[in-house]
Amino acid sequence: MTRRQKLRPQQSAARHVSRRTLLQATLGCAASAISSNWFPAFAAETADKPRRPGACILLWMSGGPSQIDTFDPKPEHKNGGGRLSIETTVPGIQISENLPQVAKWMKRMAIVRSMSTKEGDHSRGTYVMRTGYRPQGPIQYPAIGALYSKELTNKDADLPGYVSISPFRGFNASAYGPGFLGPRYAPLVVGNGGIVRVNGQPTSSLKVENLNLPGTVDVARHDDRLSILSGLEDDFSGSRPGNAVDGHRTAYKNAIRMMRSESIAAFELDSEPDALKQKYGLTEFGMGCLLARRLVERGVPFIEVSLNNAAGNGGSFGWDTHQENLGRVASLCQVLDPAWATLMEDLDQRGLLDSTTIIWMGEFGRTPRINSNAGRDHFPAAWSSVLAGGGVKGGSIVGQTSPDGMKVVDRPVNAQDFLGTICGCLGIDSQAENISNVGRPISVVDPEAKPIQEVIA
Amino acid sequence: MSIRHLLWIIVTTTSMSLTAAPLRADEAPSDDVAQLAATIDRHIAAAWETQGVVPAPQADDAEFLRRTYLNIAGRIPPVSEVREFLADTDPNKRRQLVDRLLDHPGYVNHFAHTWRMLMIPEADVDQQAQVLAPSFEGWLRDKFIDNTAYDEMARELIACRISGNEREGAVAYYRAKEVKPESVSSSISRLFLGVQLDCAQCHNHPFAKWQQEEFWGFTAFFAGIEGDRFGSLSDDATSREISLDGSQTLVQARFIDETSPDWSGEARTRDVLADWITSKENPYFARTGANRIWAHFFGVGLVDPPDGFDESNPSTHPELLDDLARSFATHDFDFKFLIRAITASKTYQLSSRRTDDSQDQQRWIGRMPVKGMSPRQLADCLIQATGGFETSNPRNQLLGGRQVDTQIQALFENQRDSNVDPQSTILQALALMNCQFITQQTESASSNTLSAILQSPFLDMDGKIETLYLTTLSRQPREAELSRLRTYVETKAEEPAPRLSFVEAARSLIQPAAAKNNANKEKALADIFWALLNSSEFIFNH
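Residue numbers (full-length UniProt numbering), protein chains in the order written: chain A, 1 to 457; chain B, 1 to 542.
By construction, these hints were calculated from the structure, which means they are not laboratory data.
For every residue, glycine included, the Cβ atom is placed at its ideal position computed from N, Cα and C.
Be careful, since some hints might not be right.
[As the list claims (entries may be wrong)] Restraint-style ranges between C-beta atoms, simulated for each label pair: (1) Asp348/A / Asn165/B: 54 to 60 Å; (2) Glu226/B / Ser271/A: 54 to 60 Å; (3) Lys118/A / Glu241/B: 22 to 28 Å; (4) Ala519/B / Asp348/A: 54 to 60 Å; (5) His77/A / Glu226/B: 33 to 39 Å; (6) Lys118/A / Asn165/B: 26 to 32 Å; (7) Leu244/B / Ile435/A: 30 to 36 Å.
[Claimed, not checked] Only some residues are given here: those of chain B computed to face chain A with a beta carbon under 10 Å: (8) Gln196; (9) Pro305; (10) Arg353; (11) Asp360; (12) Arg367; (13) Gly372; (14) Arg478; (15) Leu485; (16) Asp527; (17) Ala531; (18) Asn534; (19) Ile539.
[As the list claims (entries may be wrong)] Subject to a maximum C-alpha distance of 30 Å in a straight line, what follows is the list of computed DSS-like cross-link-like pairs (lysine-lysine): (20) Lys180/B / Lys407/A; (21) Lys346/B / Lys280/B; (22) Lys521/B / Lys253/A; (23) Lys104/A / Lys277/A; (24) Lys78/A / Lys118/A; (25) Lys78/A / Lys104/A; (26) Lys207/A / Lys277/A; (27) Lys118/A / Lys180/B; (28) Lys104/A / Lys407/A.
Use the sequences and the hints to build the structure in full.
Okay, here's the thing in structure tokens:
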């Protein structure tokens with residue numbers, strides 16, 4: 001039985017044939033509409049035999065998390081805010097008490113405590129960390145998700161190579177786009193990234209918008225429509241060939257392929273055991289991490305999950321904790337900690353952790369000094385990011401900040417260095433070039449970047 | 001009042017307001033328009049000669065009408081206008097159409113929006129800047145309503161008074177740039193001089209002519225502005241120096257042609273800059289403006305990208321660019337003059353159909369390039385074609401937008417009006433196939449256009465299919481298309497209605513065969529409508 005027939009069990013094979021014959025007689029191009037030059041043949045595939053050259057999951061912390069209250073605690077100093085640090089599974093390495101479950105995975109993680117960048121503005125910081133470049137007028141730099149997935153993508157996959165879960169794009173939407181790589185590398189966005197979205201049924205929002213046929217249109221009718229469309233497209237593209245029409249056809253081809261692929265079962269989180277969902281945490285971020293694992297299993301090379309807020313954080317946005325920093329970071333960590341730790345465990349149990357690199361970062365860090373509102377402000381001068389899983393030399397610490405946390409005292413790492421390091425972990429050639437929209441070749445990562453070789457396994 | 005009547009009234013009033021619009025008395029004499037059009041054609045043909053390009057034939061009336069509507073009014077024409085234009089036998093009807101459209105509110109809206117996207121592109125990606133866009137677009141709208149000259153518009157922007165809590169109009173531009181001198185200066189230099197100084201902001205770039213000192217010298221004209229997006233603003237109008245990228249080095253204000261400003265008298269710094277930029281002697285200003293208008297109509301600039309004037313990025317048709325710029329300046333930077341001349345040219349009136357391989361190099365304009373639409377343009381076209389006036393979503397009402405606008409604009413934000421290389425995304429395809437708006441608008445029960453066409457007693461099946469073509473593609477179906485689709489509808493009409501529920505099945509037993517047949521026909525026409533709306537021919541400007 002073909003894939004298409006499986007999709008409409010309500011119809012008998014005989015009925016199917018008669019409809020096909022009918023259409024053939026009427027439209028001439030009907031048969032080709034289904035097997036044709038631009039609509040895909042719907043062969044069953046992928047879910048059971050994943051092809052994985054390596055994958056990357058970016059845990060994106062919108063707003064810029066406090067390094068002191070996460071991975072660079074200062075319990076001895078007043079800037080530590082009275083927070084304790086806890087032992088990890090690597091002797092001598094301590095992190096904040098906010099992350100007890102993550103601490104158990106230290107053997108698989110490398111903490112970079114010496115991030116030092118120049119952009120302390122949400123929009124610019126987001127752009128720099130997500131593209132590697134400062135915003136520069138007309139050059140539309142691609143998000144690293146687009147860049148890396150382009151290098152890692154399996155061209156025969158049913159799903160796009162870059163899936164962005166619950167992005168909050170308000171700070172800088174172009175930092176989430178494919179830039180000069182073009183819409184072919186645009187992320188498939190699921191979840192709306194709303195500011196407050198924590199409730200009892202978080203899974204409902206993590207769907208691909210408009211993926212399902214409307215109730216009034218079944219697959220047979222959709223086929224009819226596509227056969228008419230196919231005729232229109234053949235006429236128009238025959239007489240007006242070029243990128244515009246090619247792009248349109250490709251997008252429809254891929255969209256239809258995805259609509260009818262078994263790979264979209266990745267989005268059916270309901271099929272996961274309740275216990276596992278509880279373990280991830282019934283939050284949008286927790287479910288996003290679970291979805292990320294399901295997408296990695298189906299060969300999607302780059303997935304990002306944004307943590308935009310936690311319940312009870314009032315008007316505060318994500319990690320932008322200008323007020324009441326300590327309490328808010330604690331509640332954000334209650335979302336982050338179980339989701340991230342369970343993601344590591346889940347991937348590990350399925351044998352996927354060795355080939356999946358996990359990155360934890362935001363657009364910058366936060367001031368060591370606590371301000372008059374008990375908050376911490378923007379601070380790009382000395383902050384932390386984390387690498388974990390595949391390609392990462394675990395149990396390591398890179399760089400160091402001063403006892404008060406105000407400056408980097410060892411091994412400063414800028415955005416390009418960090419992104420180059422990820423290329424190393426993923427086995428991507430960081431000097432592979434793409435032609436930009438202004439006609440200049442631009443490498444995945446700036447040639448001047450100094451990747452942190454010591455954490456690349 | 002039935003939907004059909006409503007639609008009819010809307011269609012006829014729109015078209016009446018167009019045809020009844022008087023020609024303006026203050027127009028440039030038509031011979032100047034014709035002369036510049038001939039100049040354009042001469043230069044383009046000369047390049048065809050050297051490049052070995054065989055041009056496409058002239059566009060037929062339907063192709064010209066749709067393209068011109070999209071380029072000037074920002075959307076496709078209503079059906080009544082298509083029928084009228086195709087039936088009109090006046091040999092001057094193409095020029096008359098352009099004149100009508102330039103007095104159409106669509107021109108004001110479309111050009112204000114297009115220039116807003118050029119001037120504050122931040123608003124398409126940044127929610128804070130987005131808040132500022134409507135007031136700035138309102139300011140632009142006023143400029144286009146008054147047909148303000150290009151130099152005057154630029155002057156108002158460059159020299160705009162900035163103080164206190166003012167947020168309206170041109171000030172919104174400065175706020176969108178975060179009132180940062182370096183952001184404003186790099187935007188102004190790109191907009192009005194076609195020069196990308198940005199890359200020189202941080203370091204001297206090996207490829208670019210412009211060096212760091214030049215960038216900061218130009219930025220020093222804006223040294224006096226201070227404030228942020230939503231706070232109080234101040235402007236020290238006499239400030240003329242700035243520190244180079246936060247360092248100790250101070251840089252004095254100077255023009256990028258290395259001449260020094262004349263500070264005699266009590267000149268305000270930005271007034272001096274505005275004088276220099278908008279001067280008819282400024283080699284960049286008129287060319288950049290003319291090139292932008294050109295790119296708006298052809299999707300590709302004579303210098304492309306249009307803000308990339310650089311020795312390493314020469315014009316494809318340098319003499320044509322000079323002539324366009326000179327004419328633009330001579331006609332006091334009148335946008336409408338340039339638009340009339342460009343659209344009157346044979347070059348603009350070429351078909352987008354490929355008749356020879358040599359036409360594939362779009363920059364030689366051997367045929368009209370196929371262009372993407374702006375998100376708003378596409379939304380307006382969908383609304384025009386479907387008659388779907390959307391106000392159903394309360395959240396969007398709150399934001400002052402229509403639902404389809406918000407959805408479509410978010411989905412198509414990567415597309416630009418002047419983009420000859422538009423690429424579609426999967427999410428765009430999914431939305432156009434399956435979203436609620438398209439679904440409603442392609443069902444007879446909820447679609448204004450479809451129900452009006454289905455219920456028209458004066459339209460036979462061919463007439464119905466024809467009207468679907470006119471409302472979406474703004475042309476008559478070709479005979480082969482018509483017969484293919486006619487057969488489709490007839491074949492569908494014979495089929496039993498698929499997947500009947502128990503109640504439907506029971507009802508069908510007592511339903512007369514004609515009604516059943518009719519329901520199938522309606523579905524088949526809806527299918528055709530859906531396919532037309534999803535087609536490249538509808539989605540693109542060609």
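Which of the numbered hints above does this structure break?
-> No numbers; nothing is violated.
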